[in-house]
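One-letter residues, chain by chain:
Number of protein chains: 2
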Amino acid sequence: MPIVRLALAQTNPVVGDLEGNRKQILTAVREASNQGADLVVFGEMCVTGYPIEDLACRDSFIRAAESSLATLAVELKEANLGELAVVVGCPVFASPADKSGWAIAHNAAIVLRAGVELGRYHKHHLPNYSVFDEYRNFVPGNELLTFEHLGLRFSTVICEDIWQEGGPVAQIKNNNTDVTLVLNGSPFEIDKDDRRLALVKALAASQDTAVAYVNLVGGQDDLVFDGDSIAVNAGGDLIARARQFATDLLLIDFESKTDATELQSSSTVKQDDDWQAYNALVLGLRDYVNKNGFKSVVLGLSGGIDSALCAVMASDAIGAENVFGISMPSKYSSDHSMSDAEDLAQRLGCHYETQAIGNLVATFENQIALGDTAAENLQARMRALILMAKSNSEGHLTLTTGNKTELAVGYSTIYGDSVGGFAPLKDVEKTLVWQLAKWRNTVAIAEGKIEPIPENSITKPPSAELRPGQIDQDSLPPYEVLDALLEGYVQRRESKQQLLQQGFDEATIDRVLSLVDRAEWKRRQ
Amino acid sequence: MPIVRLALAQTNPVVGDLEGNRKQILTAVREASNQGADLVVFGEMCVTGYPIEDLACRDSFIRAAESSLATLAVELKEANLGELAVVVGCPVFASPADKSGWAIAHNAAIVLRAGVELGRYHKHHLPNYSVFDEYRNFVPGNELLTFEHLGLRFSTVICEDIWQEGGPVAQIKNNNTDVTLVLNGSPFEIDKDDRRLALVKALAASQDTAVAYVNLVGGQDDLVFDGDSIAVNAGGDLIARARQFATDLLLIDFESKTDATELQSSSTVKQDDDWQAYNALVLGLRDYVNKNGFKSVVLGLSGGIDSALCAVMASDAIGAENVFGISMPSKYSSDHSMSDAEDLAQRLGCHYETQAIGNLVATFENQIALGDTAAENLQARMRALILMAKSNSEGHLTLTTGNKTELAVGYSTIYGDSVGGFAPLKDVEKTLVWQLAKWRNTVAIAEGKIEPIPENSITKPPSAELRPGQIDQDSLPPYEVLDALLEGYVQRRESKQQLLQQGFDEATIDRVLSLVDRAEWKRRQ
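Each protein sequence line maps, in turn, to chains A and B.
Going by this note's numbering, the letters in the first sequence line up with residues 1 to 525, in that order.
Going by this note's numbering, the letters in the second sequence line up with residues 1 to 525, in that order.
Chain A on its own, in the form it takes in the complex:
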């Protein structure tokens, strides 16, 4: 029997950067070819980046994507890679008869060999729940693609196709498939556990096929793709698994659907939840900075836990030398606010300066008479003004340090602390902020390094310090209760009745639900 060497190329494309993405593909193909690969499979939409959202409905964008695909075919031909086949993801025009209203393109997988197209597959199941809106933007396909290559038979499907019942996936076994190639753009979720592996194993069993599941990696706006590409044989044994949160190239020798071996066993094991969450956040932050053309970030350092964790993540993402922290004390700021902020900056080795806001606020209040809330908000907004001015003058991206819990209950000043180019903690509830801060310090200790986050920032009661002696729990329930309630109401979309049954106090439920509903307009901004 022939042995086919399959490469799973886990790349990090940038939405809209067609030339850069093509270079990534060619680089990975050459690397795979040097290692003797016969077939290289990439993630979903690796040619354009993913998700392309409404760009999918723009004629000029699909034209450019198809043109980049054609250029790639020429470049692959000129590279003289023999029998090497390549499977890439790219949007392609649907035939005029299939276009439906808004959508003009398929989400496709294209098989190329020596510059010649062997076939293409059009994604059948188009997800339109949660973060996805593909049903709106793509035309669905209906036919499985199966092709022969060096004596083995390969079928191709895309991502959601294997999460839903029916459709082309059901034809894999009938088509005598040896290996099913699944191109994915599957975002990281902290609670996803190992559902992907279970799903891939189930597919192997139900369709009697080996499966090569290739995911993208990298942050794209609000999403983080975690990689974690997987290969299993038809018996459902895990053959190889790629790294999470980093590009990777897996090489597997297939003699048959049941007989497969990884070339150099990387023996990647899944890390724990804290490691995954922290690395997802760091990758999302790094890619947001890089993909938007920034080299550095600026953020306010309050001495509190949110800004401390943001600064540490930013240092891990782009290097402490590219992180600019500014302490902006007011007359209500406690001494420890400044000392904790400075301590943090010294531990990290990031840039640090102090810009007191007292004089700025006083000048403003002398000219314009304000009520209490307006005066509190003014402090937050004056700080935002300083950060934006620094960002503008020195070219930094501004980081917002607000967390998911604050966003949910509207515990922030609109255009004050909610201001910024990127909010690293927007999907991290307050209790998880503490947990990750402690985890990150533990990692530092384990590595024999200095703990980046001052103990005091972790242990002191959280406070916005907008009034003398104010702490968050004056106006909010304890964060453990608050986060658990929000999880039920927002995440699981439970009703008040269901929350009461779980033992939450009625007054607390009413207070939190009303805060969430009232904060809706702040979040929409």
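Some hints could be false.
One copy or any two copies: either way a pair holds, since identical chains are not told apart in the list.
[Claimed, not checked] Here are the simulated BS3-like cross-link-like pairs (lysine-lysine), alpha carbons at most 27 Å apart as the crow flies:
#1 LYS404 x LYS270
#2 LYS23 x LYS77
#3 LYS460 x LYS438
#4 LYS496 x LYS23
#5 LYS23 x LYS201
#6 LYS404 x LYS460
#7 LYS460 x LYS426
#8 LYS449 x LYS270
#9 LYS496 x LYS291
#10 LYS173 x LYS270
#11 LYS99 x LYS496
#12 LYS460 x LYS331
#13 LYS270 x LYS438
#14 LYS291 x LYS23
I should point out that these hints are in silico values taken from the structure, not numbers from a laboratory.
Using the hints provided, position chain B relative to the given structure of chain A.
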């Protein structure tokens, strides 16, 4: 033959205000009953308001909607209205077998008589283009509802069902329908012309039926429903037409599908495009203010055309006594900026004050050294700080005065002039701003009133006044060219090639396309 008196109730529901919406419905039903109506038809989702977006997938919301519907049935029964039937729009739970992933409910029309449900219809065609995302959030239905009432046969469908081919609409004729009731949530578009009337006439002809087309009216977030409800007979003759941009109640006596008469002929005629555009904007602004619980607005008055038009629209929407204008001159502001702003305020009779920003900016710049762009942006942001402080202190909604053209090319300062609770001109290109300003002055003259907008604000070259002597055309092409280009590139999604063919200059195309693409991140905020 019996005569059935049909009432088309054009109401203005508020999304989520179930009690208020129910009161609107009852009030309209009583009014119709007093006028002898036998059947009252409302717009789409009049029970919950429309669009409810992702609320449609929240179990507790659908439960509350069904409960409000049940309460309405009881209240209608207790009102002792005899044989009077009522058709309302409301989301209802789909049967468990029909639920698909995210969606749990139908977009339904329910027929009630003396508190008893005669039947319900589930919307079949769920639009998911442009502003709509219903396919994601609702479960489609497949069956036409036809019911008999006082000797005539009525069929019921919802909005998009009559814009698409196939589905239950095709059964109307087979079901021997006399009058088809269409419940709509159809937003105003300035270029919609009279497509609705044409469509309703086509439906009458193809299915041999009279048609009662009832639309909602009112602003809801970014949308404005314009009313303009219509009744035609089976011969395609227009029998009655409701007002645009106001609640209304049409009464029509049907003897048969071909024999129908309006009770008191309102002889509403469609007004011209400028009237429609201006009234849509005023209604959208008024409802945004009211539905979000505000009573007054604050905005910066620069002496320019954008802020002038905003102030006039706000005065028309909620009364000049509830409009607070602030002139915020800098050292670069010309004398006419202040005099034109003050002139405007006097013409309108709105509140007016001056808050110079020179001292505030100087204090800031003395403390923090800034580059040129940062210094320009600081002026815009300091103005925003003043508006937000006033909004906070005095409880006004802040209006942003930026127009659609500026938003498209990113000609605004993020968190500066782009700040605000509502942007009345966000869908109005700059050339239309001038056109509407001139139109509004003409209306004032025709009514023998003072022209609200100073001639100078209309005629002077537009300038952001962030540098000495700066005018917009230093960095932008003429607005006539710019708006025409944006119409092609953004609205019609044309490519550079198509724009070249229309005769636009290549350098101008490149410059504008690059501005639009780079401004994407500002718009996403």
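Evaluated hints:
When the C-alpha separation of LYS404 and LYS270 is checked against a cutoff of 27 Å, the pair qualifies only within one copy, where the shortest distance is 26 Å, while the shortest distance between copies is 48 Å. In this homomeric assembly, LYS23 and LYS77 come within 27 Å of each other (Cα to Cα) only inside a single copy, at 15 Å, whereas the closest approach across copies is 71 Å. For the identical chains of this complex, LYS460 and LYS438 are intra-copy neighbours only, at 13 Å inside a copy versus 61 Å across copies, given an alpha-carbon limit of 27 Å. In this assembly of identical chains, the alpha carbons of LYS496 and LYS23 lie at most 27 Å apart only when taken from different copies (25 Å versus 53 Å within one copy).
Taking CA atoms no more than 27 Å apart as the test, LYS23 paired with LYS201 passes in neither setting, with 33 Å inside one copy and 56 Å between copies. With identical chains, the CA atoms of LYS404 and LYS460 are at most 27 Å apart within one copy only, with a shortest distance of 20 Å there and 47 Å across copies. For a Cα distance limit of 27 Å, the shortest separation of LYS460 from LYS426 inside one copy, 22 Å, qualifies, whereas the shortest one across copies, 44 Å, does not. In this assembly of identical chains, the alpha carbons of LYS449 and LYS270 lie at most 27 Å apart only when taken from the same copy (24 Å versus 75 Å across copies).
Proximity of LYS496 and LYS291 under a CA criterion of 27 Å is satisfied inter-copy only: 24 Å between copies versus 42 Å inside one chain copy. For the homomeric pair LYS173 and LYS270, neither the shortest alpha-carbon distance inside one copy (30 Å) nor that between copies (62 Å) is at most 27 Å. Proximity of LYS99 to LYS496 under the C-alpha cut-off of 27 Å is restricted to the inter-copy arrangement: shortest distance 23 Å between copies versus 44 Å within a copy. With identical chains, the CA atoms of LYS460 and LYS331 are at most 27 Å apart within one copy only, with a shortest distance of 19 Å there and 46 Å across copies.
In this homomeric assembly, LYS270 and LYS438 come within 27 Å of each other (Cα to Cα) only inside a single copy, at 21 Å, whereas the closest approach across copies is 66 Å. Taking the shortest Cα distances, LYS291 and LYS23 sit within 27 Å of each other inside one copy (16 Å), while across copies they are farther apart (52 Å).
In the structure shown, a violation is registered for the earlier hints numbered 5, 10, in ascending order.
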